[in-house]
Every structure is written in C-alpha cells, then in structure tokens.
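*Asks:* So you can see what is in the structure, the chains are spelled out below.
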Amino acid sequence: MYVTLSILIISPLFVIIDLIPLYRKKEWAGFFLFGIMLVFSIVLAVIMDLRVDVPSPAEPIKRIITFIVGPVDQ
Amino acid sequence: MGKEVVNQKQAITIMATFIIGSSTILGSGVKAKQDAWLAIIIAMGIFSLVIPIYGRICSIYPGKNIYQVMELLLGKVAGKIISLLFVWYAFFLGALVIRDISEFARTVSLPETPECIFAFFAVLLMILTVRGGVELLARFLGIFFPIYILMILTVTFVSIPFFELKNLKPFLYDGIKPVLGASLEVFSFPFAETVLFVCILEHLRKNGSPYKTYYVSMLIGGAILLIISVRSILVLGFPMWQMQNFASYAATRLIRIGDFFQRIEASVAIVFIISGYTKATICLFSACKGIASIFNIKEYKHIAAPIGILMTQLSIIVYDNGAELAEWAATIYPYFAFPFQVIIPLIIWIIAEIKIRMQKASPSQSVEEKSVS
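Listed in order, the protein sequences are those of chains S and U. Under our numbering, residues -18 to 55 are what the first sequence spells out, in order. Under our numbering, residues 36 to 408 are what the second sequence spells out, in order.
Note that these hints are calculated values from the structure, not bench results. These numbers come from a predicted model, not from an experiment. Even glycine gets a Cβ: it sits at the ideal position worked out from N, Cα and C. One should not assume that every hint holds.
Calculated cross-link-like contacts (lysine-lysine; reagent style DSSO-like; alpha-carbon spacing at most 27 Å) [said to hold, decoys possible]:
hint: 1; chain 1: U; residue 1: 336; chain 2: S; residue 2: 6
hint: 2; chain 1: U; residue 1: 247; chain 2: U; residue 2: 390
hint: 3; chain 1: S; residue 1: 43; chain 2: U; residue 2: 212
hint: 4; chain 1: U; residue 1: 115; chain 2: S; residue 2: 7
hint: 5; chain 1: U; residue 1: 44; chain 2: U; residue 2: 336
hint: 6; chain 1: U; residue 1: 44; chain 2: U; residue 2: 99
hint: 7; chain 1: U; residue 1: 99; chain 2: U; residue 2: 115
hint: 8; chain 1: S; residue 1: 7; chain 2: U; residue 2: 333
hint: 9; chain 1: U; residue 1: 111; chain 2: S; residue 2: 7
hint: 10; chain 1: U; residue 1: 212; chain 2: U; residue 2: 68
hint: 11; chain 1: U; residue 1: 99; chain 2: U; residue 2: 241
hint: 12; chain 1: U; residue 1: 336; chain 2: S; residue 2: 7
hint: 13; chain 1: U; residue 1: 204; chain 2: U; residue 2: 68
hint: 14; chain 1: U; residue 1: 241; chain 2: U; residue 2: 333
hint: 15; chain 1: U; residue 1: 201; chain 2: U; residue 2: 68
hint: 16; chain 1: S; residue 1: 43; chain 2: U; residue 2: 115
hint: 17; chain 1: U; residue 1: 99; chain 2: S; residue 2: 7
hint: 18; chain 1: U; residue 1: 390; chain 2: U; residue 2: 241
hint: 19; chain 1: U; residue 1: 99; chain 2: S; residue 2: 6
hint: 20; chain 1: U; residue 1: 333; chain 2: U; residue 2: 99
hint: 21; chain 1: U; residue 1: 68; chain 2: S; residue 2: 43
hint: 22; chain 1: S; residue 1: 6; chain 2: U; residue 2: 115
hint: 23; chain 1: U; residue 1: 99; chain 2: U; residue 2: 336
hint: 24; chain 1: S; residue 1: 6; chain 2: U; residue 2: 333
hint: 25; chain 1: U; residue 1: 111; chain 2: U; residue 2: 336
hint: 26; chain 1: U; residue 1: 241; chain 2: U; residue 2: 336
hint: 27; chain 1: U; residue 1: 201; chain 2: U; residue 2: 212
hint: 28; chain 1: U; residue 1: 111; chain 2: U; residue 2: 99
hint: 29; chain 1: U; residue 1: 336; chain 2: U; residue 2: 115
Chain S side only, calculated, beta carbon under 10 Å to chain U, not exhaustive [unchecked claim]:
hint: 30; residue: -17
hint: 31; residue: 8
hint: 32; residue: 17
hint: 33; residue: 23
hint: 34; residue: 25
hint: 35; residue: 43
Work out the full structure, taking the sequences as your base and the hints as a guide.
*Replies:* Put into structure tokens, the structure is as follows:
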C-alpha cells in the first residue's frame, strides 16, 4: 500500500511540471518515455504492494560473477 | 543545457562529498582489519593511476558528455549499447545509495516507519535537484561543505580521550595480502565511482582542469575517509568495528564528556544524509543524461522524475534485508563495478586516442582537428 501511495503522492507534481510541457512542445520521444516509465513504475508498485516476490537483479549478477571469477569468499 | 556552469572549487566540493558518500557510515577497508588506514592510502595510490584516463576522456572532446563521445567513437548502435550499460551502472549505484540512506534511517531513528516512505521523499528532493541543475547542487554544497567538514573535525577532536592506541596493533599481522584485497575494495567502493563525473564535468568552466578536480577531491575525500576510519578503529577496536553495521555511528555514540556533551552521533547522521544525498543525486544526473542521449531527448531534466521513482523501487526490491546489503557490498560489488570503472573508460580512451591520431594524419579534417586540440 505504501509504495503505490508514495508514487501517487509524488507523481502528480511532475506530471504537471514535466509531462504537460513535453506534450505542449510536442516532444513525443520524451513524452512517451515519461508515460511508459511512469505506468511501469505504478504497475510495479501495485505488484510490490500485493506482496508478490519481485526477483532482485542482485541475484543474477552474483551468479554471473561467481561463474566468471569462481567462488567469492569474505 | 550549456548554461549550467560550475567553477573548479564547486566541482571539487561536489566530488569530495561524493567520495565521502556512504563510506562515512559503512566504513572502508573492513577486510584489512586494523590496517584499514594502509588500505585506504594504497587505494588512493591506485586511483591516482586511473585519474589520467578519466581526465583525458573529460577533456578530449570539450562540451560533450561521455554518452555523446561514445556515440561519436563507436558508432550509433554500439555506442548506444555501451551507453545503456553505463546507464545501468549509474542507475544501480543510485539504487544502492538510496537503500543505504533508507536502511540507515530505519535502523537508527525511524524503526516503525515503512522504509519506502523515507526513500521516496528523499528521492523527491533528488529529482527536484536534478531539475534545478548541477549549479543548484554546487551552491547547496557551498554552504554545507564547510559545515560538515568542521563537524567531522570537531567530533574527531572530541573523541581523542576515547582513543586506545593499542587498537592499531599488531601492524600487518596477517601479511600484506588482505590489505591489498581491501585496498582494491576501497578503490572500487568510493574512489572509482567518480567515473560518473565524466558526464558532469562537461559543465566545468573553461579555465578549470578535470585532472586537478579529480586529484584535489581525491586528496580531500581520502583524508576524510582516513580520519573517519582511523577514529572508528581507535575508539571501537577491530572486532567491534567489523561487527557494527554503521561503525562510525557506533563509535561516535560512545563520546560523553561531562554529563552535558553527549549524543553527538546525530552529527554523523547529518554528514551521511548530506553526502549520501549528493551521491545519489549525481547517480540520477548521470542516468538521466544517458537516457536522454540514448533516446535523443533534448532536455534531460524532464525525464528525471520517472527514473528517480524507478530507482527507488529498485532500491526496495534489490535486497531482502540489511545483512544481505552488507555482504553484497563487500563481496560482489568490486567485481560488478570493475568493468564500468576501468575497462569501459580504458576502451573509450584508447579508441579516442587512435581516432585523434588518424584525424591528424589526414589533412582534410583540419577544422575538426583544431577544435579537438
């Protein structure tokens, strides 16, 4: 609940000061990139708040590194 | 974009604060045990060998940041792929720093607050700073840099009665090998992360030199790290120092002079919040510039908000708990960061030098040659 709530509190400000000027200036690349990233982050936030276990990128990085340099100890 | 200008002093304050960054509380050179000071000095030596590469990349094409240089040198597709890798590094590093900040706040002061609330409102400030530009950060640090340096020095002097010199002995008990390992770790954790500045220093004023900025801020940042580490070892002693999650915070906690001068650990928290905020902001800057350059967006400032929000979400999902954070930062991080800190800049530097030599050889491109030299 908290992740979605924080995003919904923060993002309207930036929609007003960033997204609407991008639309007015017809800079479509920035406009769509902003929109896609915002929608993605809200979807991700809802998934996180539903307590779905989102896989962390730290785990595959660890696996790749131990694959290349061998076991890493303390 | 060209309007933002910082002078040499401001650039040095930003970079020194970046180096001090999250190492203030996490401690640096923990693997070397009581010889951590030696590890930090060796790391500064290694870093001073890498600085010429970074400085040359900054000054080779003045007025262009590293992403534009990559596209110029490697062509459109390969340049964009390498840019994306570099953006990933900046993005991931920013997420780690935000996690450090929120983890610290949760552990020491706000145990009941959900972690994401603190992280999101820290990020709100960072996004607004990125929208304001590098100058804003420089002016902010113009006020706070002297204040927090004074704070660190005061705390150090006040904790002198609690020093025990026997904590620094025995010297090189396990031989030189763990010290060298720890120095590589210190090299990759605060020092070589300044590779992100190769896209900030395009805002440096014309008479400023990137080499000087790098060297002076390495000396200032390294000296502060040295002071903080040695202070923590002298107060806590080695096994305690390694056990604590936030060592310098724990060391400052013990200070008590009379009955009235105590609980000055808040000073460590203030220093960490300022420097951690600066570090995460620089990471956000770098990621925004990279994404704007990849997708051909004119103003990098307009896309700061969604990138910052995604960075915060990554910071929440990246680790399950604080112990995993400490373990990952100590063992995996140096290997993860090495390609971005050394290999990619080295490749860019070599290709750029070859290209300049070839341009000098062919007389038809004499106009470009003039602008380069």
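*Asks:* Given the hint that residue 204 of chain U pairs with residue 68 of chain U, does the C-alpha gap stay at or below 27 Å?
*Replies:* 10 Å, holds
*Asks:* Starting from residue 99 of chain U, check that the Cα of residue 7 of chain S is at most 27 Å away, please.
*Replies:* At roughly 25 Å apart (the allowed maximum being 27 Å), residue 7 of chain S and residue 99 of chain U satisfy the hint.
*Asks:* Under the criterion that the straight-line Cα-Cα distance not exceed 27 Å, is the pair residue 390 of chain U, residue 241 of chain U satisfied?
*Replies:* 24 Å, holds
*Asks:* Does the CB of residue 25 of chain S sit less than 10 Å away from some CB of chain U?
*Replies:* With a minimum Cβ separation of about 6 Å from chain U (threshold 10 Å), the hint on residue 25 of chain S holds.
*Asks:* CA of residue 111 of chain U to CA of residue 336 of chain U, is that 27 Å or under?
*Replies:* 23 Å, holds
*Asks:* Given the proposed pairing of residue 6 of chain S with residue 333 of chain U, does the C-alpha separation stay at or below 27 Å?
*Replies:* Satisfied, since the Cα-Cα distance of roughly 11 Å is no more than 27 Å.
*Asks:* Against the 27 Å threshold, does the CA-CA distance of residue 333 of chain U and residue 99 of chain U hold or violate the hint?
*Replies:* 14 Å, holds
*Asks:* Against the 27 Å threshold, does the CA-CA distance of residue 99 of chain U and residue 6 of chain S hold or violate the hint?
*Replies:* Satisfied, since the Cα-Cα distance of roughly 25 Å is no more than 27 Å.
*Asks:* Let's test the interface hint: is any C-beta of chain U closer than 10 Å to that of residue -17 of chain S?
*Replies:* OK, holds: residue -17 of chain S within 10 Å of chain U, min 4 Å.
*Asks:* For the pair we were handed, residue 241 of chain U and residue 336 of chain U, check the Cα-Cα distance against 27 Å.
*Replies:* 23 Å, holds
*Asks:* Do the alpha carbons of residue 336 of chain U and residue 115 of chain U lie within 27 Å of each other, as the hint requires?
*Replies:* Within the cut-off at roughly 20 Å; holds.
*Asks:* Verify the proposed pairing of residue 111 of chain U with residue 99 of chain U, using a straight-line Cα cut of 27 Å.
*Replies:* Holds: residue 111 of chain U and residue 99 of chain U sit about 16 Å apart, inside 27 Å.
The structure agrees with every numbered hint stated previously.
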